[in-house]
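**Q** Okay, here's what each chain looks like letter by letter:
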Amino acid sequence: MAKSELRNQVRRLRFENGELTQQQLADKVGVTRQTIIAIEAGKYAPSLPLAFKIARTFQVPIENVFQYEGKDS
Amino acid sequence: MNRQQKIAVTALIVSLLGLFLGITVILMRRFIPDFPKTTVAFGSLILAFGVIVFISRFKKDKGAVTFDERDKPIEKNAHLAGFGAVYLLVILVSYLPIGIAPDAKIPTKWFPFLLPVAVLCQCFAQSLATLIQYGRGGKDGEK
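From first to last, the protein sequence lines are chains Z and H. If you're matching positions, the first sequence starts at 2 in the working numbering and goes up one per residue. If you're matching positions, the second sequence starts at 56 in the working numbering and goes up one per residue.
Just so you know, these hints were derived from the structure itself, not from any lab. A portion of the hints provided could be inaccurate.
[What the hints assert, rightly or not] Going by beta-carbon spacing under 10 angstroms, a handful of chain H positions derived as facing chain Z:
hint : residue
1    : N57
2    : G118
3    : T121
4    : F122
5    : D123
6    : R125
7    : D126
8    : S149
9    : Y189
10   : G190
Note that the structure is a prediction, hence the values are computed from the model and not measured. From the three backbone atoms N, C-alpha and C, an ideal C-beta is built for every residue, glycine too.
The shape of chain Z in the complex, shown without the other chains (with noise of 0.2 angstroms):
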């Protein structure tokens, strides 16, 4: 799949909250661990509602996890 637009910050919300493993965030917001794998690669980029599951996860806005790096159109 083609590297996407969107940047994340997953992995260092990761260890900023208590270490989170893969695997229990995947657990936490309903994916498998190699999604969160793809995500934290930026080689997938999540639908809206796991954006929103991902951000409320760690307690912050979703603009604090995923940030559009593409063109303005």
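Following the hints, put chain H in place on chain Z, whose structure we already have.
**A** Showing chain H alone in chain Z's frame:
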């Protein structure tokens, strides 16, 4: 590597092996007069059954969720690739003989062999599409 990827790798290897064995059997039949057709047919069936049993024994992935929003489009696209491959095979089989030898005759006993060839073709394309879409583990890999 998740369960789908393991199944795809196995299916890819088996379909390539099946293709190789199929070509070998066709060549052997051509050059060996008393070729044991029945034995080979039964052997292939037992082998296919063994592969199905082997695949079914793959354990489910760890974690509460084993299939999610990322897997769904991958599976859908893989099915589409498999369907497209079979469609291409049908087109090829329908029109290629006309192009190669328009006045030749095809024995009707060849037609049942189209089914295993189509299955192999679909297996190969679907597995390949699955593996390509999942990609490699990446530097963060399986941590």
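**Q** All hints are to be evaluated individually against the structure, with a verdict given for each.
**A** Hint-by-hint comparison with the structure:
no., hint, verdict
1, N57, "5 angstroms, holds"
2, G118, "6 angstroms, holds"
3, T121, "6 angstroms, holds"
4, F122, "7 angstroms, holds"
5, D123, "4 angstroms, holds"
6, R125, "5 angstroms, holds"
7, D126, "7 angstroms, holds"
8, S149, "34 angstroms, violated"
9, Y189, "8 angstroms, holds"
10, G190, "6 angstroms, holds"
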